[in-house]
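A.B. asks: Taken in order, these protein sequences are the chains called A and B. Anchor point for the first sequence: position 34 equals 34 in this note's numbering, and the numbering is continuous, going up by one each time. Adding 1000 to a residue's 1-based position in the second sequence gives its number in this note's numbering.
Keep in mind that the hints were calculated from the coordinates and are not lab data. Owing to the predicted nature of the structure, the values given are computational and were not obtained by experimental measurement. Ideal Cβ positions, reconstructed from N, Cα and C, are used throughout, including at glycine. Don't take each hint at face value.
Pair by pair, the computed Cβ-Cβ distance ranges are [stated by the list, open to error]:
(1) A/A104 to B/L1130: 38 to 46 angstroms
(2) A/I29 to B/Q1119: 24 to 32 angstroms
(3) A/L9 to B/I1126: 47 to 55 angstroms
(4) B/F1120 to A/F112: 24 to 32 angstroms
(5) A/F24 to B/L1027: 15 to 23 angstroms
(6) A/L32 to B/F1024: 17 to 25 angstroms
(7) A/V7 to B/Q1070: 30 to 38 angstroms
(8) A/G123 to B/L1077: 27 to 35 angstroms
(9) A/G123 to B/A1031: 37 to 45 angstroms
(10) A/K90 to B/L1044: 30 to 38 angstroms
(11) A/L32 to B/D1076: 33 to 41 angstroms
(12) A/W100 to B/I1041: 27 to 35 angstroms
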Amino acid sequence: MGLKRNVSLFTGLRYQGKGPMLTFVLHRIGGLGMAIFVAMHILASFLGGDVGKFLNAIYENWLFQIFIFFCVLFHAINGLRITIFDLWPKLIEYQREAIWVEWAVFLPIYGFAVLVIINTAMGG
Amino acid sequence: MAEKPRTLPIFKRGFNFEMLMWYFTRLSALAMYAIILFAIIGALVMGARTQMNFADIMRWGFMPNGTHVQNTNIPDLAPWVIPFWKVVASGLLLIATAHGVHGLVVIADDYIAHPRGRQFVRILSIVFMLSMIGIGLYIIWTS
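Using the sequences and the hints given, assemble the complete structure.
C.D. replies: Set out below in structure tokens:
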């Protein structure tokens, strides 16, 4: 039995879920980014040679590091929130507050790391 | 607040493969936190505090594999490449691959509604998962 959708893609894109929806989308992007990165990384160390060097050059690039660190850190922090709320469902009342806490934890760590990455990239 | 959240107690929610994977996703997330913390603590015990910078410790934490500390100032690689850390790395690889591939299946299911398409994605993901585990274990145990 195939699923039947009553919502078109355009309607879906107009859905305004605000904060929680944003974390859902970023969690998904982060997970995808990490899955692709880890697969490429494993393949690069397995193949070596020119392909390995090419893949290494991609993830040693500072722009890619800023992206992948966003994926890892956001997926980790948001995943911890999801885990806590799913294992203790009574806490769900406070999920909006939890998302604020999440950003309060995420932004300083990420901001500092981005500063360090850029500083290193510029030779500091 | 409006009405109380409608949630069933954790053991009254039915049980099938999807439910099992739902739990696995959450519990494996906690397990990965635990393993990464364990690897970081192990690195600090082995002397990383004065011989490695923070980025290298994190790199070791995310995959405790000898090649990840080769270019640091540690004087002797021997304690870092013992079978114990290879077992820890293998455990992390298995958990992370299963967690990640199941995540890919969940994402694909959101956009592929046809049963045959879903079955194709499942077969593809199992092949992908097994080959990633095979290659990963080969790298961990031969590097």
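A.B. asks: If a hint holds in the structure, say so; if it doesn't, say that too.
C.D. replies: Structure-based check of all given hints:
no.: 1; hint: A/A104 to B/L1130: 38 to 46 angstroms; verdict: holds (40 angstroms)
no.: 2; hint: A/I29 to B/Q1119: 24 to 32 angstroms; verdict: holds (26 angstroms)
no.: 3; hint: A/L9 to B/I1126: 47 to 55 angstroms; verdict: violated (29 angstroms)
no.: 4; hint: B/F1120 to A/F112: 24 to 32 angstroms; verdict: violated (44 angstroms)
no.: 5; hint: A/F24 to B/L1027: 15 to 23 angstroms; verdict: holds (21 angstroms)
no.: 6; hint: A/L32 to B/F1024: 17 to 25 angstroms; verdict: holds (19 angstroms)
no.: 7; hint: A/V7 to B/Q1070: 30 to 38 angstroms; verdict: violated (51 angstroms)
no.: 8; hint: A/G123 to B/L1077: 27 to 35 angstroms; verdict: holds (28 angstroms)
no.: 9; hint: A/G123 to B/A1031: 37 to 45 angstroms; verdict: holds (39 angstroms)
no.: 10; hint: A/K90 to B/L1044: 30 to 38 angstroms; verdict: holds (37 angstroms)
no.: 11; hint: A/L32 to B/D1076: 33 to 41 angstroms; verdict: holds (39 angstroms)
no.: 12; hint: A/W100 to B/I1041: 27 to 35 angstroms; verdict: holds (30 angstroms)
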